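Undergrad: Residue numbers (numbering that gives the first Met the number 0), protein chains in the order written: chain A, 0 to 150; chain B, 0 to 150; chain C, 0 to 410; chain D, 0 to 410.
Read the hints as simulated data drawn from the structure, not as lab findings.
These numbers come from a predicted model, not from an experiment.
Heads up, a few of these hints could be off.
Stated by the list, open to error - DSS-like cross-link-like pairs, simulated, lysine-lysine; straight-line CA separation at most 30 Å:
| no. | chain 1 | residue 1 | chain 2 | residue 2 |
| --- | --- | --- | --- | --- |
| 1 | D | K109 | C | K246 |
| 2 | C | K268 | B | K88 |
| 3 | C | K246 | B | K137 |
| 4 | C | K268 | C | K246 |
| 5 | A | K81 | A | K137 |
| 6 | B | K137 | C | K268 |
| 7 | C | K268 | B | K24 |
| 8 | B | K24 | B | K88 |
| 9 | C | K374 | A | K24 |
| 10 | A | K88 | A | K137 |
| 11 | A | K137 | A | K24 |
| 12 | D | K246 | C | K109 |
| 13 | C | K246 | C | K109 |
| 14 | D | K140 | C | K268 |
| 15 | B | K81 | B | K24 |
| 16 | A | K137 | D | K246 |
| 17 | C | K109 | D | K109 |
| 18 | A | K24 | A | K79 |
| 19 | C | K76 | C | K268 |
| 20 | C | K5 | C | K76 |
| 21 | D | K374 | C | K268 |
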Amino acid sequence: MSADLTELYQQVILDHNRRPRNRGKLPTANRVAHGDNPSCGDQCSVYLRLDGDRIAEITFDGSGCAISQASASLMTTQLKGKTTADAQKLYDEFHTIVTTGQAPEEISDLGAFAGVHAFPARIKCATLGWHAALNAIKGDPADATTETHKD
Amino acid sequence: MSADLTELYQQVILDHNRRPRNRGKLPTANRVAHGDNPSCGDQCSVYLRLDGDRIAEITFDGSGCAISQASASLMTTQLKGKTTADAQKLYDEFHTIVTTGQAPEEISDLGAFAGVHAFPARIKCATLGWHAALNAIKGDPADATTETHKD
Amino acid sequence: MLDVNKIRADFPILHQQVNGHPLVYLDNGATAQKPRRVIDALVHYYERDNSNVHRGLHALSMRATDAYEGARARIAKFINAADPAEVIFTRGTTESINLVAHSWGHAHLKPGDVVLTTEIEHHSNLIPWQQAARASGATLKYVPFLGGDAEGGLDLAALDTLLTPQVKLFAFTHISNTLGTINPAAELCRRARAVGAVTVIDAAQSVGHMPLDVRALGCDFLAFSGHKMCGPTGIGVLYGRRALLDKLAPDETGGGIVVSVTYEGATWKPAPERFEAGTPNVADAIALGAACDYLDSIGRDQIAAHDAVLAQVAMEKLSTLPGIRIIGPRTGAARSGLVSFAFEGVHAHDIVTFADEDGVALRGGHHCNQPLMRKLGLTSTTRASFYLYNTEQEIDALVATLRRTLKFFIG
Amino acid sequence: MLDVNKIRADFPILHQQVNGHPLVYLDNGATAQKPRRVIDALVHYYERDNSNVHRGLHALSMRATDAYEGARARIAKFINAADPAEVIFTRGTTESINLVAHSWGHAHLKPGDVVLTTEIEHHSNLIPWQQAARASGATLKYVPFLGGDAEGGLDLAALDTLLTPQVKLFAFTHISNTLGTINPAAELCRRARAVGAVTVIDAAQSVGHMPLDVRALGCDFLAFSGHKMCGPTGIGVLYGRRALLDKLAPDETGGGIVVSVTYEGATWKPAPERFEAGTPNVADAIALGAACDYLDSIGRDQIAAHDAVLAQVAMEKLSTLPGIRIIGPRTGAARSGLVSFAFEGVHAHDIVTFADEDGVALRGGHHCNQPLMRKLGLTSTTRASFYLYNTEQEIDALVATLRRTLKFFIG
Ligand SMILES: Cc1ncc(COP(=O)(O)O)c(C=O)c1O
Ligand SMILES: Cc1ncc(COP(=O)(O)O)c(C=O)c1O
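Construct all of the structure, not just a fragment, from the sequences and the given hints.
TA: Laid out in structure tokens, this is it:
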């Protein structure tokens, strides 16, 4: 396996893909948004319980490649308990990671996605769940279609 | 001037172009048809007085290149007094002349158009008046658009 | 038997390394590669003859017009059309189908009418009919497909019930791009004709892969793309029976299609000009003619046999992989040279990414067949699709890379 | 000043004999010739990168997608669009205008509305509006043109009366392909915007001949063809302002434009995908990007100056010919690099045929401008149209062949 591919499919990603965290509908959710990656058919729904501006609970559901599923899973573990402002900040950092391959020191597991930058076609996969989560936070009922976004 | 071009623009053609015969509307006409060459804009109307199956009188009107105008003019001189069957026969001979360059011995002035065969794009010009005349004979009110025909 | 080594030498693109491995191009269902002869036709045109067509009397324009109309005649022969005027140049299958849906649909469909298609259509032979039905008030109905060994074959018994006199048009694919099903197109046309329905065949996957004769099929319209049959991108064909075309209004209007224009209105030339508004894609039409020459020099019957053998071998070898589900008709049923498959727990995109590391080009996804995928209980499949330059060794490379991928993801 | 000899070396087609004479290509208004760089872009694509775009994850598909989207961005820069998504690939100007007439017209036009265009439009910017007006019940009105020294210039005083709040759309040409008129496009857009009308510019004759900036022009839509700007046939662009595009439904539907499809219906992706159903003309889009590179490497301001000088020289030399009538704006007025003319008693087609004997490629006819011809009292004109590779010597060849022709016909 090439170095690029090993970078892309890090252990943490494979682990989240095999055993997704926080998967399934959230009965207590007060926000939900859906994301589509129309070119490849990946889908992701994100369910939130917002408590003021804090993300009290978050789950996801969907289907897609290992990158998209692991990213959504890992995201839920990172966002739980954060404020909505923190969530936006984390996404910005995550976006930098997947587009540049540069992971800042202090960021832990999200850095596993640095390998994505070598596969530009997969950036959309990695950000799908994040787009859905941010739309849910914004209360935007529109689908988060990755192709409307400049990743 | 090249031999091909001299062949195309024979004296008889130039003469008919400069001094068209039987040009203008025919007040006594009982048949009329219009021909268009849509790619180049050539137009030709043919007016007939049919007397039984004989072409008692024939005139033409229109605008276009020397080939189309001379051909229509010469045609009127050839068709006047002929039966409609003769007209069809003459057209068939004319068509052979302009597509193959082969003029049968006995055909006189029509042979002047043999040079057209070396300029396939001009065959439509040479046959425009003829198509209008045959449509007039048939009593076909539809425009004779040269591009519907396989010349 | 095809001399595949000789054929491969005709395709410059095949002789490259991808990620350190020789390119194994198994994405022919999406687009085919181009032989030298087709590329040369483009270069020749632009270096010697390029000019606008139809309205010119100078040497270049006459050469360009002759070559363009020559390509039309060549393609008419390729599909055995009665008349070159029945060949309308379009951008591809999608535009060809839209042309019929717009022009024919607008003129003929009304509330109470039925447009019939099938559950296995590509989006390009599905959405235009949804739109035409919506615009006219007609109803769109679908011929269902079968499961089991005939998976993806059409349910011809259901067709008996569906093909009523209300059906004004029946549009179906010749070959399914996802399942590999080859539909009995001549029979479908015959039965549609019996109730007076106009037929539209989507021949995107068939015309370059097997002998095809529009008169033997008995269809009214047939659509295909150049790029899937070794021709360039940006050119395709709508074949239409002359009698129907002459009664149809153009969808796009503009220069080149008119007899007479005033500030009040315009009158149309006959087919094919009527349907080709604006400067046509001259160069690519000519190169598509060259693709016909190339394919006929090999023989489409030979290509069909070669495709079928590769699909058979691929299905046998793939079925040794653990947990694989092969989609589409099994043994016996008519099947084209493509094989779709899925694995529980490994997504098609991860498979395609891993295969690419080994130089193997596959396609993964819904293949523009979303509703069909849903019916199959899948979100995506991986597809290997073959053509005249593919070999059995390439199937071994495919199986090897899949085995490595499964090992990585499943262990 | 252009180094025309150096430029000519870039165009393989120019170095040939026609009927024993060096080719003098003066039919650039119909289509332009292609530099080596554009031809090479096609060859490179088909020999190295050819694949279907957007839906693929293998190396070739990613390269093809990058090159295709790169071309879109390149063209956006060429016309200074705010966003590459505002560049929609079409077959050419005609299809671009039809797209607006169909999609925008269908959604917005109703009885009582006025569509405004001008009396000098090419059929491709005329008939689509006649059709859209007919389909919607709107009225089509024309801005008249002037005579005299400003022949073919628009009557801007009449525009005051015509531009009422009922006008929903104003479509006009940037440069007339018959008269050479350069319309004051920015002013026309500004005045149309003042009454709330959407503007559509036909830039077929301008985009490759002068600097063009859609934001400076302030237009809503702008249409052009690749083949008239040194690009390949079969590719063109519709520029549309993002805010308008996002509210428009697609005209053609099929694969590649949808988010989600069921047997009941579909939802659309945003622009540009929404408007590009089916496999796009990938190779020619990429080659059009190469044409932008080429033209910008020369400089469109330089090309415009060169065109203008040639037109000026041509008008001076042509006016020495007996009985000539030169059409279009005279001294002072804005004028592009093409000159139309007519002789009493010698038809344009005979002139073109004679010129061809001397290797000079001209166009004769109505130039897809039939109603304008009628207004000018003509049935056809002969047109010489210039581009970056033409020289003053070629104008001498033009005048010499015309002199011979006149001698033959008139004496
Ligand atoms: C002013 C103008 N508009 C529109 C067109 C149509 O362009 P195309 O034939 O490339 O669609 C042309 C060229 O023929 C033109 O000169
Ligand atoms: C069965 C089928 N129909 C239609 C199409 C659409 O063809 P195109 O994208 O060339 O218009 C395709 C190819 O993608 C296909 O496989």
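Undergrad: Run through the hints listed earlier and report the numbers of any the structure violates, in increasing order.
TA: none
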